[in-house]
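Given the coordinates of chain W, work out where chain E should sit on it, guided by the hints.
Protein chains in written order, with this note's numbering: chain W, 5 to 173; chain E, 5 to 173.
Just so you know, the hints here were simulated from the structure itself, not pulled from any lab data. No experiment lies behind these values; they were computed from the predicted model shown. Where a beta carbon is used, it is the ideal one built from N, C-alpha and C, also for glycine. Careful, some of the hints might be misleading.
As a list, the in silico BS3-like pairs of lysine-lysine whose alpha-carbon atoms are at most 30 Å apart [unchecked claim]:
no.	chain 1	residue 1	chain 2	residue 2
1	E	101	W	50
2	W	50	E	128
3	W	171	W	30
4	W	82	E	128
5	W	50	W	99
6	W	50	E	82
7	E	128	W	99
8	E	101	W	49
9	W	128	E	49
10	E	82	W	49
11	E	117	W	128
12	W	49	E	128
13	E	49	E	82
14	E	49	W	50
15	E	82	W	128
16	E	7	E	30
17	W	49	E	117
18	E	50	W	49
19	W	82	E	82
20	W	128	E	101
21	W	171	W	128
22	E	101	E	82
23	W	128	E	128
24	E	50	W	82
25	E	50	W	128
26	W	99	W	7
27	E	82	E	99
With the C-beta cut set under 7 Å, the calculated list includes, among others, these residues of chain E facing chain W [said to hold, decoys possible]:
no.	residue
28	78
29	84
30	128
31	129
32	132
33	137
Some residues of chain E that are not near chain W, with every Cβ distance over 10 Å (derived) [unchecked claim]:
no.	residue
34	30
35	52
36	67
37	99
38	143
39	148
Protein chains: 2
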Amino acid sequence: MAKIAVIIADLFEDSEYTEPVAAFRKAGHEIVNVGLRAGQVVRGKKEGTEIAVGATPRQHPVGFYDALLIPGGYSPDKLRVDDDAVDFVREFMDKDKPVFTICHGPQIIITAKALEGRTLTGWKSIVQDIIYAGGTFVDREVVVDGNLVSSRSPRDLPAFIEACLAKLS
Amino acid sequence: MAKIAVIIADLFEDSEYTEPVAAFRKAGHEIVNVGLRAGQVVRGKKEGTEIAVGATPRQHPVGFYDALLIPGGYSPDKLRVDDDAVDFVREFMDKDKPVFTICHGPQIIITAKALEGRTLTGWKSIVQDIIYAGGTFVDREVVVDGNLVSSRSPRDLPAFIEACLAKLS
Chain W
5 MAKIAVIIAD LFEDSEYTEP VAAFRKAGHE IVNVGLRAGQ VVRGKKEGTE IAVGATPRQH
65 PVGFYDALLI PGGYSPDKLR VDDDAVDFVR EFMDKDKPVF TICHGPQIII TAKALEGRTL
125 TGWKSIVQDI IYAGGTFVDR EVVVDGNLVS SRSPRDLPAF IEACLAKLS
Chain E
5 MAKIAVIIAD LFEDSEYTEP VAAFRKAGHE IVNVGLRAGQ VVRGKKEGTE IAVGATPRQH
65 PVGFYDALLI PGGYSPDKLR VDDDAVDFVR EFMDKDKPVF TICHGPQIII TAKALEGRTL
125 TGWKSIVQDI IYAGGTFVDR EVVVDGNLVS SRSPRDLPAF IEACLAKLS
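Next comes chain W alone, as it looks inside the complex (with noise of 0.2 Å):
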């Protein structure tokens, strides 16, 4: 079973991050939310969603990790301040480790300067920010290219979840 790295912060997208924890869970997976601050309850931005982080970035060594989860909403514009974040996130992609994104999460993987040669979809507003980092945008509800899952919205979850389960397996 793999251990899971969540990085959140607050404004997550609450879809994105319950319904594939709750999947990743039900399928024998363990979860650990990793954030700014150890000890801190962060919120999601539609139905307020609390969720405590258990590890920052630097706690344990990316190696302690089997993969990476990114939900969306503002989240990752709050993440990509940090460079312990951006770092952390950087080398999951590096080591070539199973990264699953939503929705805004590429931009905390364009900070890490790691989407450049990749294929992947994103939410709609960070299309032109994915081309000229380097990426190729695909319309579709999950795109999987190598270790990097893919999906654009809450809608994609149920195609999301079941690619980012194959990757697990």
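Relative to the frame of chain W, chain E by itself:
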């Protein structure tokens, strides 16, 4: 006196609307709130300031206005998914009319593909986006590059407003 379009959507950074707009009005300039639906009321991110949208981007040609203000917060993320809003911003840039941008404001100029070769500042979360878009990022309270006046955050508002007013005089 100038007629200034302020392009705005929900979750704008309150003070980045209220303070420049108050200063512009005090100097005798006219403000038109431009948003995705005429009559819509949009709300600020921190203080819930309510602003009534007076016109859509297509309602008046860009020639109707003398300058454009793009407040930050998450408003630019909501505006940049709308083709009319993006075209509106692009036309101000193409026509070399004054464009005042602060915080996340450059995001919509990136979607308009109008930052290439320009020098500017903005909120730290979007620094890499600006660089990938062909802009030169400068970490300073206000940067003036031809028609483009830019600042980083609410703390820069006094310098930002002074530079905007100078551009309008």
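Now the hints, each set against the structure:
1. 101(E) to 50(W): violated (37 Å)
2. 50(W) to 128(E): holds (25 Å)
3. 171(W) to 30(W): Holds, at about 16 Å.
4. 82(W) to 128(E): Status holds; Cα separation ~10 Å.
5. 50(W) to 99(W): violated (34 Å)
6. 50(W) to 82(E): Satisfied, since the Cα-Cα distance of roughly 15 Å is no more than 30 Å.
7. 128(E) to 99(W): holds (26 Å)
8. 101(E) to 49(W): violated (36 Å)
9. 128(W) to 49(E): At roughly 21 Å apart (the allowed maximum being 30 Å), residue 49(E) and residue 128(W) satisfy the hint.
10. 82(E) to 49(W): Holds - the C-alpha atoms of residue 49(W) and residue 82(E) are around 14 Å apart, at most 30 Å.
11. 117(E) to 128(W): holds (15 Å)
12. 49(W) to 128(E): holds (21 Å)
13. 49(E) to 82(E): Answer holds: residue 49(E) to residue 82(E) is near 13 Å, not above 30 Å.
14. 49(E) to 50(W): Cα-Cα ~13 Å, so holds.
15. 82(E) to 128(W): Satisfied, since the Cα-Cα distance of roughly 10 Å is no more than 30 Å.
16. 7(E) to 30(E): holds (13 Å)
17. 49(W) to 117(E): holds (29 Å)
18. 50(E) to 49(W): Holds, at roughly 13 Å.
19. 82(W) to 82(E): holds (16 Å)
20. 128(W) to 101(E): holds (27 Å)
21. 171(W) to 128(W): Answer holds: residue 171(W) to residue 128(W) is near 25 Å, not above 30 Å.
22. 101(E) to 82(E): holds (23 Å)
23. 128(W) to 128(E): Holds. Residue 128(W) to residue 128(E) sits at ~21 Å (cutoff 30 Å).
24. 50(E) to 82(W): Cα-Cα ~15 Å, so holds.
25. 50(E) to 128(W): holds (25 Å)
26. 99(W) to 7(W): holds (16 Å)
27. 82(E) to 99(E): holds (24 Å)
28. 78: With Cβ-Cβ at 6 Å, under 7 Å, it holds.
29. 84: This hint holds: residue 84(E) lies near chain W, its Cβ roughly 5 Å from the closest one there, short of 7 Å.
30. 128: Where the cut-off is 7 Å and the nearest Cβ of chain W is about 5 Å from residue 128(E), the hint holds.
31. 129: Given a least distance of 5 Å, the restraint on residue 129(E) holds.
32. 132: holds (5 Å)
33. 137: Holds, because the Cβ-Cβ distance from residue 137(E) to chain W comes to roughly 5 Å (cut-off 7 Å).
34. 30: holds (32 Å)
35. 52: holds (15 Å)
36. 67: holds (26 Å)
37. 99: holds (21 Å)
38. 143: holds (13 Å)
39. 148: holds (24 Å)
Violated hints for the displayed structure, listed by number in ascending order: 1, 5, 8.
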